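Use these hints to put chain Y with the ligands onto chain X, whose structure you have.
The chain contents come next:
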Amino acid sequence: MSMNERDLLEDKHFEQVISDESICTKENIVYEKPETLLDVSMHYCPGCGHGVAHRILAEVIDELGIQQEVIGVAPVGCSVLAYNYLNIDMSEAAHGRASAVATGIKRVLPEKYVFSYQGDGDLAAIGTGETIHTCNRGENILIIFINNGIYGMTGGQMAPTTLPGMKSTTSPFGRDVATMGAPLKITELLAQLPGTYYVTRQSVHKPLNVRKAKKAIQKGFEYQKLNKGTCFVEIVSNCPSNWKMTPVESNKWLDENMLPFYPLGDIKVPKD
Amino acid sequence: MKELKLMKGNEALAEAAIRAGCDAYFGYPITPQSEVLEYLSREAHARTGMVVLQAESEVAAINMVYGAAGTGKKIMTSSSSPGMSLMQEGVSYIACAEVPCLLVNVNRGGPGLGTIQPGQGDYFQSVKGGGHGDYKLIVLAPSTVQEMSDFVKQGFDLAFKYRNPVLILTDGALGQMMEKVELFPQQERKFERLDWATVGKPADKEKNVITSLNLKAEAMEVINIHLQEKYREIEKNEIRYEAINCEDADYIITAYGLVARICTKAAQMAREKGIKVGVIRPISLFPFPYKAINDYASKVHGILDVEMNAGQMVEDVRLAVNGKVPVEFYGRMGGVVPDPDEILKALEEKIVGVAV
Ligand SMILES: Cc1ncc(C[n+]2csc(CCOP(=O)(O)OP(=O)(O)O)c2C)c(N)n1
Ligand code: SF4
Ligand SMILES: [Mg+2]
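Quick mapping for you: the protein sequence lines, in order, are chains X and Y.
Number 118 in the numbering used here belongs to position 118 of the first sequence; there are no gaps in the numbering.
Number 1121 in the numbering used here belongs to position 121 of the second sequence; there are no gaps in the numbering.
By construction, these hints were calculated from the structure, which means they are not laboratory data.
You may find that some hints are simply not true.
To be verified - Restricting the straight-line Cα-Cα distance to at most 20 Å, the calculated cross-link-like pairs of lysine-lysine (PhoX-like) are:
#, chain 1, residue 1, chain 2, residue 2
1, Y, Lys1276, Y, Lys1265
2, X, Lys268, X, Lys219
3, X, Lys112, X, Lys268
4, Y, Lys1350, Y, Lys1324
5, Y, Lys1128, Y, Lys1236
6, X, Lys112, Y, Lys1207
7, X, Lys185, X, Lys167
8, X, Lys112, Y, Lys1205
9, Y, Lys1005, Y, Lys1153
10, X, Lys167, X, Lys244
11, Y, Lys1236, X, Lys33
12, X, Lys112, Y, Lys1190
None of these values were measured; they are calculated from a predicted model.
Bound conformation, chain X alone (with noise of 0.2 Å):
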């Protein structure tokens, strides 16, 4: 640090004029942290979108006021401890059963609003069993799915997701398609049963996207109050640390291979 940056720190009189009383006004407050966001520090890395999908989920709540009446279900994988963030009620799940484990919860709260948050490998390799029937039952609940292509909590392997030729450190040559499998597009999967009421694919790796994001969420959580059936919403992210790109290169990369694969949009729609 330089003389100068040091000066500036403890510079008293700057220090007064950044928290003069005339500027932090309620007016003038533009971004401020939702009151459902625990005011912690996240483990997430930087640049992952799991914190700015976390964050999106929590204006929601505070928005819609449903604070006390939501509960949600962390999945096994890097958000497992979603808990320490949101203020709201949670379960954690076991690996892939975060589904199963809000359709109990539901079940017996049906007046509340209940959602899980499951990566792609809990959501679309162990738990697909229990995330086909919970859509399939049309349990009136909200999944939240984020899709980065790859286990980003154990480090980086193959998810059902990863792209055709992508690396991971279980396809370290690519995946191979012919051997490995093609990646399993879920979301258009679950749109094709009579339970999902609203299915969409959306992403936060730019401003709008994440407005739209949050629309979405919004909406799965609207929905909810009809009893209509299951609302999913997939949120396509990034893995800047198992990607082994910087935040600003998985964003790019996400956009140009990602997004080609996993169209964003809604998917299913209301009809009525």
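Just chain Y with the ligands now, with coordinates in the frame of chain X:
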């Protein structure tokens, strides 16, 4: 007035679930216990509003139980051996997260797909863990259709008293056979907000989290220590067993569940031949009546343990007896139910004939 009915074990158990005010049942069909799901599907919702859901697998069922029971409501599932194996990961989570609920295993002969005939091969799975990690279920073993009903109510009470899953370990014969049962009166289904349950965070309260995860070793050890203390408390308070004609006995047979009734018949036949035999029937398999068995061991010449497996509870009996007297084992496997004659023969050959 007493309400008496002739019922199958599985149906008595299902009826008891409704009457105990159970809020939800999640299950998957498997012989010999499908009557539980069938009976509840037919009866429960109309009578009490209880939720009954056929899950897509036992894996899903146990995780639905975990989620639903996390709300503090009365939740149960039932299955038979292969299905119970599938549930074990979930059971471990439930035990660690201290979610009270009732599980039922109508044990059939194994291993593998085995048979649909009765067995007791799941004793180890039930009392020694079953899933991963150090945890215990409270395990109750009925021997009559009456107990199939009564233990549902007691099971829920114990589950909530200790915030611990309770397992009723029974077998295909008890599940299928019909006996007279006195039904207890319908209890109201009432919802109480428990201070640990996930039902929505009130504005003036901290959030609740149902979890079994702690990434810090020291913190995870604290959770383990707490669980172990709870298990010691359960061992202090909840041991149940029946001692049948043991006071003047020279020999004892140990057996649980339906087998204990067959052994009681064998003991009677032995007494007719002048051999004084008593039966000890552990009712709570965890906590196990070690001390009671040890006390009786001081008064007899030998013990025969009889089970429908290759010898599982006998290990606990030997731990209890601690070498005081010989403990021998007689078992049938694969779904075969022993008859009193062969048990008496085994007693005479293995214990009476050799004991000094
Ligand atoms: C039964 C079981 N199998 C395997 C694991 C190990 N495991 C933990 S997280 C994970 C993959 C998570 O990937 P994903 O669901 O895509 O979430 P992400 O970390 O990418 O957000 C695996 C395989 C486990 N915890 N439990
Ligand atoms: S490993 Fe990947 S998914 Fe997990 S926090 Fe880091 S960047 Fe996010
Ligand atoms: Mg992933």
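Outcome of the hint check:
1. Note on Lys1276 of chain Y and Lys1265 of chain Y: the hinted pairing holds, with a Cα-Cα distance of about 13 Å set against a maximum of 20 Å.
2. Of the supplied pair hints, the one linking Lys268 of chain X and Lys219 of chain X holds, its CA atoms being roughly 13 Å apart against a limit of 20 Å.
3. Taking the CA atoms of Lys112 of chain X and Lys268 of chain X, the gap is near 24 Å; set against the 20 Å cutoff, the hint is violated.
4. Taking the CA atoms of Lys1350 of chain Y and Lys1324 of chain Y, the gap is about 16 Å. The hint holds against a cut of 20 Å.
5. Restraint check for Lys1128 of chain Y and Lys1236 of chain Y: the C-alpha separation of about 18 Å stays at or below 20 Å, so the hint holds.
6. Taking the CA atoms of Lys112 of chain X and Lys1207 of chain Y, the gap is about 15 Å. The hint holds against a cut of 20 Å.
7. For the given pair, Lys185 of chain X sits about 18 Å from Lys167 of chain X by alpha-carbon distance, which is consistent with the 20 Å threshold.
8. Restraint check for Lys112 of chain X and Lys1205 of chain Y: satisfied, since their Cα atoms lie roughly 17 Å apart, inside the 20 Å limit.
9. Our distance criterion of 20 Å between C-alpha atoms is met by Lys1005 of chain Y and Lys1153 of chain Y, whose separation comes to about 17 Å.
10. A threshold of 20 Å between alpha carbons decides the hint, and for Lys167 of chain X with Lys244 of chain X the separation of about 10 Å falls inside it, so the pair holds.
11. A C-alpha spacing of about 50 Å is found between Lys1236 of chain Y and Lys33 of chain X, which places the hinted pair above 20 Å, so the restraint is violated.
12. Between Lys112 of chain X and Lys1190 of chain Y the alpha-carbon distance is near 17 Å, which keeps this suggested pair within the 20 Å criterion.
Hints 3 and 11 from the list above are not met by this structure, while the remaining hints are.
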